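Undergrad: What follows is each chain in one-letter form.
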Amino acid sequence: MTLRADLRLRRGEFRLDASLEVEAGQTVVVLGPNGSGKSTLVEALAGLVRIDDGEILLDHRVLERPRDGIHVAPRHRPVGVMFQGLWLFPGLSVLDNVAYGRWARGEPRRVARSAVQGLLEALGVGDLADRMPAELSGGEAQRVALARALAVEPRLLLLDEPLSAIDVENRARTRHVLQQALREFPGVRLLITHDPLEAQLFADHLVVLESGRVAQAGPAAQVRSRPRTPFVARLAGTNLLQGRLVREGGTARLECGELAFEVGRIADGTGREAFATVRPGAITLHRDKPDERVNTWPSRIDSIELEGEHVRVLLEEPAGFRAELPAERVHLPDFSPGARVWASVRPDAISVY
Amino acid sequence: MSPGLRARAREHSAAILLYGTASLSLLLLMLPLVGLAFESPWRDTGELLADPAVRDALLLSLGVSLAAVAFSLLLGFPLAWLLARSNLPGRGVVRTLITLPMVMPPVVAGVGLLAAFGRHGLLGEALSVFGVTLPFTTLAAVIAATFVASPFLITTLEAGIVQSDRRFEDVAATLGASRWRIFHSVVLPAIRPSLLAGIALSWARALGEFGATITFAGNLQGRTQTVPLAIYQTLQTRPEHAFLLAILLLAVSLCVLALLRAQRPGT
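The listed protein sequences derive, respectively, from chains V and S. The opening residue of the first sequence carries number 1 in my numbering; numbering runs sequentially from there. The opening residue of the second sequence carries number 1001 in my numbering; numbering runs sequentially from there.
Be aware that a few hints might be false.
Said to hold, decoys possible - Facing chain S, from chain V, some residues (calculated, C-beta under 8 angstroms): (1) Trp87; (2) Pro108; (3) Ala134.
As the list claims (entries may be wrong) - Okay, the calculated bits of chain S under chain V, using three or more residues with CB under 8 angstroms as the criterion: (4) 1033-1040; (5) 1164-1174.
What the hints assert, rightly or not - One-sided and incomplete, this derived list gives chain V residues near chain S with beta-carbon spacing under 8 angstroms: (6) Ala46; (7) Leu48; (8) Pro74; (9) Arg75; (10) Val79; (11) Val81; (12) Phe83; (13) Phe89; (14) Tyr100; (15) Gly101; (16) Ala104; (17) Arg105; (18) Val152; (19) Gly249.
The hints are simulated quantities; they were obtained by calculation from the structure and are not laboratory data. Keep in mind the model is a prediction, meaning the values are calculated, not measured. All residues carry an ideal CB built from backbone N, CA and C; glycine is no exception.
Take the sequences, apply the hints, and build the full model.
TA: This is how it looks when you write it as structure tokens:
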């Protein structure tokens, strides 16, 4: 079972242009900042908004292909959706909320109800069957919404920010329930989130969406270690350089506009466009120009944040660069926002790819 | 007087002013009802109810007002839906036009209806070609009542539809529900309070309709003479019976409103 989607659509100023391929038994996490088009992606896959071009194939069945005039209505798609905000029907009991889909597909009410009781129990909310949605906690409501999406036995499960409605104390437990339910779900699983931690916990395959486009996609570990956009680098907790790789004599340099960085050993050619990550911990800051000349550049402090035993400093040049220094080595007055500093990094702390 | 006493006296007079004017306004609202109750010849109730003209008026009033509500629902629901959900241009203008009948003097409404559906009116002339004449028929009374009552239903409904989030409809659709099922299992429960409120408001307006009806439909017993018209006519011959008739109309409206209230949980 596979989901193959190639989506292109316009809504006002917003454009979505994204391709996805997901195998059954795999959890694909779509990660992106707010407004990147994540929810539109869910709506398009569910058939709630039409795509302008491209196609959606689930299990070799065409769900949508505008070119051939094909648009399978949402109710005929084997897709279960858990929307951000959950949206449990307020006038129906927990049991009827979960039974709604089977009932809507023609099962008699009583049959539908008894069919979903087991599902509620499996998710640990069997004793809440008679409650109304307003009487549920965030975590309980989340499980009921999950049960409702699973009750119609979909082949594609779409979860839009599934943990956003849950308070911090219950998040870990609910996350665990969700992880287990996902593991047991046999179809294609797609989870949408803006939270890097959630992405890290759930993703087999990670798709990073930025301004309606796939910025980067691949196995989760690879995306984290080889970021290709500043957003991904920030999620991975590192700094990103993008430039042209030049070899001169025995040393290799990465030229990024005004700045050039001497880098450690590299395996392959020169003259190509390359990326590099720079660990925030490998950057040192000086008030005065240091004697060291390699990989030293003047910058300015944008903002500063104290976190535990570290000081995190955001630099203006290169924009968005972060340095992390042990708090005891920082004389704070030297590093107030706006202050001029010199930054340096050792060549072997820059990893090029 | 000490300053403390003076302050307290000022507080006292403020309270007297507040309670006094509030009581006056309550009195103003209640006195006509009390007057009706005291001045009505209650022992004539049997006689009045036996009067065929009164029975005609009562049945006609019920029939016309309910038909007006039904028409308002049938024609008003799609309009309320489009106003609430579509992005059609000119919705603001349409909204203003709809509220016009609510503030228009009823006699103006009646004259307008004559200009539209009258024998020589805009549409009336075309209709008369098919042998249809609307003025002074029961249908005219229904049209008059619908004209003045439907705006109440449409505006109340629109507010209800705007408040009901379409995300619930999306959820139901992904769960496999057909449009009709979504409508009656998701939309209807969500807009039920405003639907009932709209029905109550428009029904009350239709039941009390006088000016547009007498102008457009006339005052013909058994055909267009609804209870308000009958009250007006009785007032000129047997005023005390008009009082009794007024109480009868009041009772009918209270009954139906109570019925609608009972349908609304939590109010």
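Undergrad: Look at each hint and say if it fits the structure.
TA: Now for the hints, and whether the structure bears them out:
1. Trp87: With a minimum Cβ separation of about 5 angstroms from chain S (threshold 8 angstroms), the hint on Trp87(V) holds.
2. Pro108: With a closest approach of 14 angstroms, the Pro108(V) hint is violated.
3. Ala134: Result: violated, 12 angstroms to nearest chain S Cβ.
4. 1033-1040: violated (count 0)
5. 1164-1174: holds (count 8)
6. Ala46: holds, 5 angstroms
7. Leu48: holds, 5 angstroms
8. Pro74: holds, 4 angstroms
9. Arg75: holds, 5 angstroms
10. Val79: Where the cut-off is 8 angstroms and the nearest Cβ of chain S is about 6 angstroms from Val79(V), the hint holds.
11. Val81: holds, 5 angstroms
12. Phe83: holds, 6 angstroms
13. Phe89: holds, 6 angstroms
14. Tyr100: Check passed: Cβ of Tyr100(V) comes within 6 angstroms of chain S, closer than 8 angstroms.
15. Gly101: holds, 4 angstroms
16. Ala104: Since the shortest Cβ distance to chain S is 4 angstroms, the answer is holds.
17. Arg105: holds, 4 angstroms
18. Val152: holds, 6 angstroms
19. Gly249: It is violated, given that the least Cβ distance between Gly249(V) and chain S is near 62 angstroms, above 8 angstroms.
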